[in-house]
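**Student:** For chain A, the structure is supplied; the task is to place chain B with the ligands on it using the hints.
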Amino acid sequence: MTTVSLTVNGQSVTADVDPRTLLVQFLRDNLRLTGTHVGCDTSQCGACVVHLNGQAVKSCTTLAVQANASVITTIEGISQGGELHPMQAAFREHHGLQCGYCTPGMIMSAIDIVNRKGNTLDEQTIRAELEGNLCRCTGYHNIVKAVAAGAQGMAQTPLQQAAE
Amino acid sequence: MYAFEYHRPTSVKEAAGLAGKAEDIKFLAGGHTLLPTMKLRLAGPANLIDLGQIAELRGIERSGDTVTIGAMMKHAEVANSAEVKEAIPALAEMAELIGDPHVRNRGTIGGSIANNDPSADYPAACLALNATIITNQRKIAADDFFQGIFTTALEEGEIITQVSFKVPSQAAYTKFRNPASRYALVGVFVAKHASGVRVAVTGAGSSGVFRVTDMERALSGNFAAEALEGVTVAESEMNSDIHADAAYRAHLVGVMARRAVQAAVARG
Ligand SMILES: Cc1cc2nc3c(=O)[nH]c(=O)nc-3n(C[C@H](O)[C@H](O)[C@H](O)COP(=O)(O)OP(=O)(O)OC[C@H]3O[C@@H](n4cnc5c(N)ncnc54)[C@H](O)[C@@H]3O)c2cc1C
Ligand code: FES
Ligand code: FES
Numbered sequence: 001m002t003t004v005s006l007t008v009n010g011q012s013v014t015a016d017v018d019p020r021t022l023l024v025q026f027l028r029d030n031l032r033l034t035g036t037h038v039g040c041d042t043s044q045c046g047a048c049v050v051h052l053n054g055q056a057v058k059s060c061t062t063l064a065v066q067a068n069a070s071v072i073t074t075i076e077g078i079s080q081g082g083e084l085h086p087m088q089a090a091f092r093e094h095h096g097l098q099c100g101y102c103t104p105g106m107i108m109s110a111i112d113i114v115n116r117k118g119n120t121l122d123e124q125t126i127r128a129e130l131e132g133n134l135c136r137c138t139g140y141h142n143i144v145k146a147v148a149a150g151a152q153g154m155a156q157t158p159l160q161q162a163a164e
Numbered sequence: 001m002y003a004f005e006y007h008r009p010t011s012v013k014e015a016a017g018l019a020g021k022a023e024d025i026k027f028l029a030g031g032h033t034l035l036p037t038m039k040l041r042l043a044g045p046a047n048l049i050d051l052g053q054i055a056e057l058r059g060i061e062r063s064g065d066t067v068t069i070g071a072m073m074k075h076a077e078v079a080n081s082a083e084v085k086e087a088i089p090a091l092a093e094m095a096e097l098i099g100d101p102h103v104r105n106r107g108t109i110g111g112s113i114a115n116n117d118p119s120a121d122y123p124a125a126c127l128a129l130n131a132t133i134i135t136n137q138r139k140i141a142a143d144d145f146f147q148g149i150f151t152t153a154l155e156e157g158e159i160i161t162q163v164s165f166k167v168p169s170q171a172a173y174t175k176f177r178n179p180a181s182r183y184a185l186v187g188v189f190v191a192k193h194a195s196g197v198r199v200a201v202t203g204a205g206s207s208g209v210f211r212v213t214d215m216e217r218a219l220s221g222n223f224a225a226e227a228l229e230g231v232t233v234a235e236s237e238m239n240s241d242i243h244a245d246a247a248y249r250a251h252l253v254g255v256m257a258r259r260a261v262q263a264a265v266a267r268g
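As you go down the protein sequences, you meet chains A and B in turn. Number 78 in UniProt numbering belongs to position 78 of the first sequence; there are no gaps in the numbering. Number 107 in UniProt numbering belongs to position 107 of the second sequence; there are no gaps in the numbering.
Only chain B is shown next, with the shape it has when bound in the complex:
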């Protein structure tokens, strides 16, 4: 790891101030993506700003049809939250599927979303649950936030403070894990809202997380797995690597989507 200067602010304002002043900064959340990257010397920030002591980045709150989660909430905290389990059980289940118990005790929702790994789980939840990403500067709709592999709408020095999810009437997430890395080979989050159905896919797309509008249209008419018969995603837009080729991933998207709808319907 290259040397860096370490900062431990206690408020978002102080963190943003540091980010404005210091050169070549990175924010540190759970560190479960950033620290491995720094060990490999793929990242070498001169200044590391630890968000771990900022109380205002914590907390989970339900109000009306939204659940708002602080950026520094760990995956295990979301998975075990009574509010999340009650309002959006599919989101708690998704958090429980991330990595392993130790990863879930450190990794955070804010870090996962800021990182936008093409195989990460939270980006699919954000799209399907029509989330709003709240930063220290503005509110960004999930549809505008994820802009391709490891790319988001965040500006330099901008801090995610909260993520606000719309409570659906029915939802489920199904994940086909890469057995070695535990990331999604393909993950599909399906959610039925008063405004329509949303289907989001992670792990599969060659440009990262995406919505499948053909499936959304089919399910808005009839929220049942049968409605997806014959609805496919284009192989040409799928990722291909040593773990799975594009044809296999395209096939899995269909299978996982049908299973997600079945699970959502079964939950009622």
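So here's chain A without its partners, still in its complex pose:
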């Protein structure tokens, strides 16, 4: 067993884990944060994307022990006071999901894109940046629309961005 201490959605967590525990298993099984999904488990699909120290990473390809002393944000950590994060609101508004399996990863990736590329995103940029996120349902069209709108929405709520 190895001890890990990290901050998840603003809360400090310390636990003894088998070192082969993946970050996604730690989040889902130990912390019961089941919003982060496992789509492929082979590092391809991005359903498991969370933010590690503010950067989007695939939590199925990161050991929990590698995240020691880091700050993690999951899909459960982005809404505030019952209000959806602007990116979540945009996915609902623009019907950017069907089954919803890919959605947590899409949204965490989309917020990361805005953090890096700003609030005005053209379609080509969004499609290229979503390369690591697969969706089996939507055909991506409404996801791209939602990301563009969510990016604009994030510009109007600077407090929510700063909260990350």
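It should be emphasised that the hints constitute simulated quantities derived from the structure, not laboratory data. Each hint should be verified, as a subset may be incorrect.
Unchecked claim - Each computed DMTMM-like pair below joins lysine to aspartate or glutamate, with the alpha-carbon atoms no more than 25 Å apart:
(1) B/Lys85 to A/Asp122
(2) A/Lys117 to B/Asp144
(3) B/Lys26 to A/Glu83
(4) B/Lys85 to B/Glu56
(5) B/Lys39 to A/Asp122
(6) B/Lys85 to A/Glu131
(7) B/Lys166 to A/Asp16
(8) A/Lys117 to B/Glu56
(9) A/Lys117 to B/Glu96
(10) B/Lys26 to A/Asp18
(11) B/Lys39 to B/Glu56
Being a predicted model, the structure only gives us computed values, none of them experimental.
**Tutor:** The following block gives chain B with the ligands in isolation, referenced to the frame of chain A:
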């Protein structure tokens, strides 16, 4: 994944010490090749030595005609580095073409080079930019480092600490991606140095990354895409798989090489 013991050293010396003492070790960098391999039980080290907390493996530094990058620098950090963009823009662009944003936030230059995947991008950059691979024991010229598919000059327990690239006067990398895996079906890195032109190809060769000396000779006389007309690589030395056969790969090497030269010339 098979069980292993986890170690988190904070210096290269400590990591090397652990590697010397412990049985059946693997170093863990970004984990974006090693962890999938361990999940598939194709690798099952008894001891995993995480290089992630070693500060001396980080950093990017330009000095004279070289850019030196710490082994644990992530692909995204190289792609966004002001020093790299200024000195060797082709290298920053290459790093930006690796995988997807999430892979670039974890995968490292040291891991990529140590792994020497026949379709990885960094090995081509190392050959074309006349790189020196610096380890905790010695310095190895890129020309001697890559020794065939997934095979390098590294000894058991040897740690890559830095990679030092020569700044070229002109360079570009063009990559024809496998649309599913995002690895190179064929990637060509062309670089013009005072000492001559270097052309390195990844993804295509049946023995991994290689230089194309015929193209280098043609371009040393005339650094223009036209100089490559009629210069070909041998189909018999190309890889063939479900994604592309050898004839197609050989053809693509020519196309990608001409495009790389065009891009290098256009950049000036
Ligand atoms: C979905 C996906 C897409 C990808 N697409 C591409 C692509 O387009 N192009 C590309 O080039 N790569 C691609 N990769 C691979 C990626 O770049 C890997 O991150 C990289 O090959 C390995 O680097 P790492 O830091 O993750 O190393 P790890 O997986 O941690 O280690 C790989 C190997 O190197 C050894 N090692 C690591 N660091 C050192 C060191 N400093 N000294 C000695 N040995 C060391 C390890 O022991 C291990 O054997 C992709 C990966 C994924 C998951
Ligand atoms: S579950 Fe992690 S990439 Fe698919
Ligand atoms: S909505 Fe079903 S996988 Fe994307």
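**Student:** Each of the hints needs a verdict: does it hold here or not?
**Tutor:** These are the hints, each one checked on the structure:
1. B/Lys85 to A/Asp122: Cα-Cα ~24 Å, so holds.
2. A/Lys117 to B/Asp144: violated (40 Å)
3. B/Lys26 to A/Glu83: Violated - the C-alpha atoms of A/Glu83 and B/Lys26 are around 45 Å apart, more than 25 Å.
4. B/Lys85 to B/Glu56: Status holds; Cα separation ~22 Å.
5. B/Lys39 to A/Asp122: violated (37 Å)
6. B/Lys85 to A/Glu131: Judged against 25 Å, a Cα distance of about 23 Å means the pair holds.
7. B/Lys166 to A/Asp16: Given that 25 Å is the threshold and the Cα spacing comes to 46 Å, the pair is violated.
8. A/Lys117 to B/Glu56: With Cα atoms ~30 Å apart, A/Lys117 and B/Glu56 exceed 25 Å; violated.
9. A/Lys117 to B/Glu96: holds (14 Å)
10. B/Lys26 to A/Asp18: Distance of about 17 Å is within 25 Å: holds.
11. B/Lys39 to B/Glu56: This hinted pair is violated, its Cα atoms lying about 29 Å apart.
Hint violations for this structure: numbers 2, 3, 5, 7, 8, 11, all remaining hints satisfied.
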